[in-house]
Amino acid sequence: MTGEVLALVGATLTLLAAVGVVRFPEVMARMHALTKASTLGVVLVLVGGAVTLHHPNDVTSLLLAAALQVLTMPVGANLLSRATYRAGAEQEPVAK
Amino acid sequence: MTAAAFVVLALAALGFGYRLVAGPTLTDRVLGMDGLLVVGMSAITVRAMQTGEGAFVPVVVVVALVGFISTGVVARFIEGGDQ
Numbered sequence: 003m004t005g006e007v008l009a010l011v012g013a014t015l016t017l018l019a020a021v022g023v024v025r026f027p028e029v030m031a032r033m034h035a036l037t038k039a040s041t042l043g044v045v046l047v048l049v050g051g052a053v054t055l056h057h058p059n060d061v062t063s064l065l066l067a068a069a070l071q072v073l074t075m076p077v078g079a080n081l082l083s084r085a086t087y088r089a090g091a092e093q094e095p096v097a098k
Numbered sequence: 005m006t007a008a009a010f011v012v013l014a015l016a017a018l019g020f021g022y023r024l025v026a027g028p029t030l031t032d033r034v035l036g037m038d039g040l041l042v043v044g045m046s047a048i049t050v051r052a053m054q055t056g057e058g059a060f061v062p063v064v065v066v067v068a069l070v071g072f073i074s075t076g077v078v079a080r081f082i083e084g085g086d087q
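Line by line, the protein sequences are chains A and B.
The numbering of the first sequence is my numbering, which starts it at 3 and goes up by one.
The numbering of the second sequence is my numbering, which starts it at 5 and goes up by one.
Each hint should be verified, as a subset may be incorrect.
[Unchecked claim] Label-pair distances were calculated between CB atoms; the ranges are:
| no. | chain 1 | residue 1 | chain 2 | residue 2 | range |
| --- | --- | --- | --- | --- | --- |
| 1 | B | Gly84 | A | His57 | 40 to 48 angstroms |
| 2 | B | Glu57 | A | Ala31 | 35 to 43 angstroms |
| 3 | A | His57 | B | Phe10 | 18 to 26 angstroms |
| 4 | A | Met3 | B | Gly84 | 15 to 23 angstroms |
| 5 | A | Ala31 | B | Pro62 | 30 to 38 angstroms |
| 6 | B | Gly84 | A | His56 | 45 to 53 angstroms |
| 7 | A | Val72 | B | Val63 | 16 to 24 angstroms |
| 8 | A | Thr4 | B | Arg33 | 22 to 30 angstroms |
| 9 | A | Tyr87 | B | Gln54 | 37 to 45 angstroms |
[To be verified] Sample of chain B residues facing chain A (criterion: CB under 8 angstroms; computed from the structure):
| no. | residue |
| --- | --- |
| 10 | Gly39 |
| 11 | Met53 |
| 12 | Ile82 |
FYI, nobody ran anything at the bench for these hints, they're computed from the structure.
Cβ coordinates follow ideal geometry from the N, Cα and C atoms, glycine included.
So that you can see chain A by itself, here it is in the shape it has in the complex (with noise of 0.2 angstroms):
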C-alpha cells in the first residue's frame, strides 16, 4: 500500500511537470518545469515499484534507474539549456 501511495504521489508530480510543459510562456521555463518535478516524480515511482516488489533483482534494477535519473537528468537538462541558450544568443543577440 505504501508503494502505491508513492506511485500515486510520483505520477501527480508528472503530471504537474505536463501542465507546466504545456502552460509556461518560455523554453527555459518549461525546461525548469519538466526537470524539477519529472525528476521528484519519476524517482518516487520507481522507489514505490521497489518498496512494492518483493524479487532482488526487481529492487536493485529499479533503485539503479532512479539513481541513474537522479545523476542523469539535471546534467541533460544542463547540457540542452545551454545549448539553447547559446544558439539562441547567437541567432537574436540581447538588447540592453
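Starting from the structure of chain A, add chain B where the hints point.
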C-alpha cells in the same frame, strides 16, 4: 490505486505529446520526448506493481540510460547545428 496512477500518467502523456507536436523550437520537442520517456518508465513500473511481475523492470534502466544519451546528442546538435 494503480489504476488512478495510470489515468494520471495518461493525462501527463497527453500534455507532453502536445508539446512534442506543437513545440515551436527543437528544444521543446526534446522536452516533450523526455517527458514521454519519463511517463513510459513510470508506466512500466506501475504495471509491474499491479501484476507483481518484474519481467519488464530492466527496460526501465535501459530507458533511463538511452534517454540521457539522446538528450546529450540533441544538445550537441542544437549547439553546433547553426554554425
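**Prompt:** Can you give the numbers of the hints that this structure goes against, from lowest to highest?
**Reply:** Per hint list: 4 and 8 violated.
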